[in-house]
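Peer 1: Kindly produce the complete structure, drawing on both the sequences and the hints.
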Amino acid sequence: MLEAKRLLAHTDKPAAAISAELSFGEPTNFHKFFARHAAQKPSDFRKTIWGRN
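If you count the sequence shown from 1, you need to add 255 to reach our numbering.
Bear in mind the hints are in silico, worked out from the structure with no lab data behind them. Just so you know, even glycine gets a beta-carbon here, dropped at the ideal spot from N, CA and C. Treat each hint with caution, since some may be false.
What the hints assert, rightly or not - Computed Cβ-Cβ distance ranges for the label pairs, DEER-style:
| hint | residue 1 | residue 2 | range |
| --- | --- | --- | --- |
| 1 | G306 | G280 | 28 to 38 Å |
| 2 | W305 | M256 | 11 to 21 Å |
| 3 | K296 | H265 | 26 to 36 Å |
| 4 | T283 | E258 | 12 to 22 Å |
| 5 | K268 | A290 | 16 to 26 Å |
| 6 | K268 | Q295 | 14 to 24 Å |
Said to hold, decoys possible - Below, a list of computed lysine-lysine pairs in the BS3-like style, where the Cα atoms sit at most 27 Å apart:
| hint | residue 1 | residue 2 |
| --- | --- | --- |
| 7 | K296 | K268 |
| 8 | K302 | K260 |
| 9 | K287 | K268 |
| 10 | K260 | K287 |
| 11 | K268 | K302 |
| 12 | K287 | K302 |
| 13 | K296 | K260 |
Peer 2: In C-alpha cells:
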C-alpha cells in the first residue's frame, strides 16, 4: 500500500502501469485493493496529493 501511494504521488504513471509494477494480475484488482485500503480510488488519491479537482 505504501509503495502504491508513493508511485501515485511521485510519478505520472497511469494506475494500470502501477498495477503491473506491483504485480497485480489485472488493473481492476489494483483499483479494488486500493479503494478498500485507502477508502478512495487511486485517481482520487492522486488528485488530492497533486492538488487537482
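Peer 1: Does each hint hold? Answer for all of them.
Peer 2: Each hint, compared with the structure:
1. G306 to G280: 28 to 38 Å: For G280 against G306, whose Cβ atoms are near 32 Å apart, the range 28 to 38 Å holds.
2. W305 to M256: 11 to 21 Å: holds (19 Å)
3. K296 to H265: 26 to 36 Å: violated (18 Å)
4. T283 to E258: 12 to 22 Å: This hint holds: roughly 19 Å between Cβ atoms.
5. K268 to A290: 16 to 26 Å: holds (18 Å)
6. K268 to Q295: 14 to 24 Å: Hint holds: Cβ distance 18 Å, inside 14 to 24 Å.
7. K296 to K268: holds (15 Å)
8. K302 to K260: holds (12 Å)
9. K287 to K268: With a Cα-Cα distance of about 18 Å, the restraint between K287 and K268 holds, given a limit of 27 Å.
10. K260 to K287: Holds, at about 14 Å.
11. K268 to K302: Cα-Cα ~13 Å, so holds.
12. K287 to K302: holds (18 Å)
13. K296 to K260: holds (11 Å)
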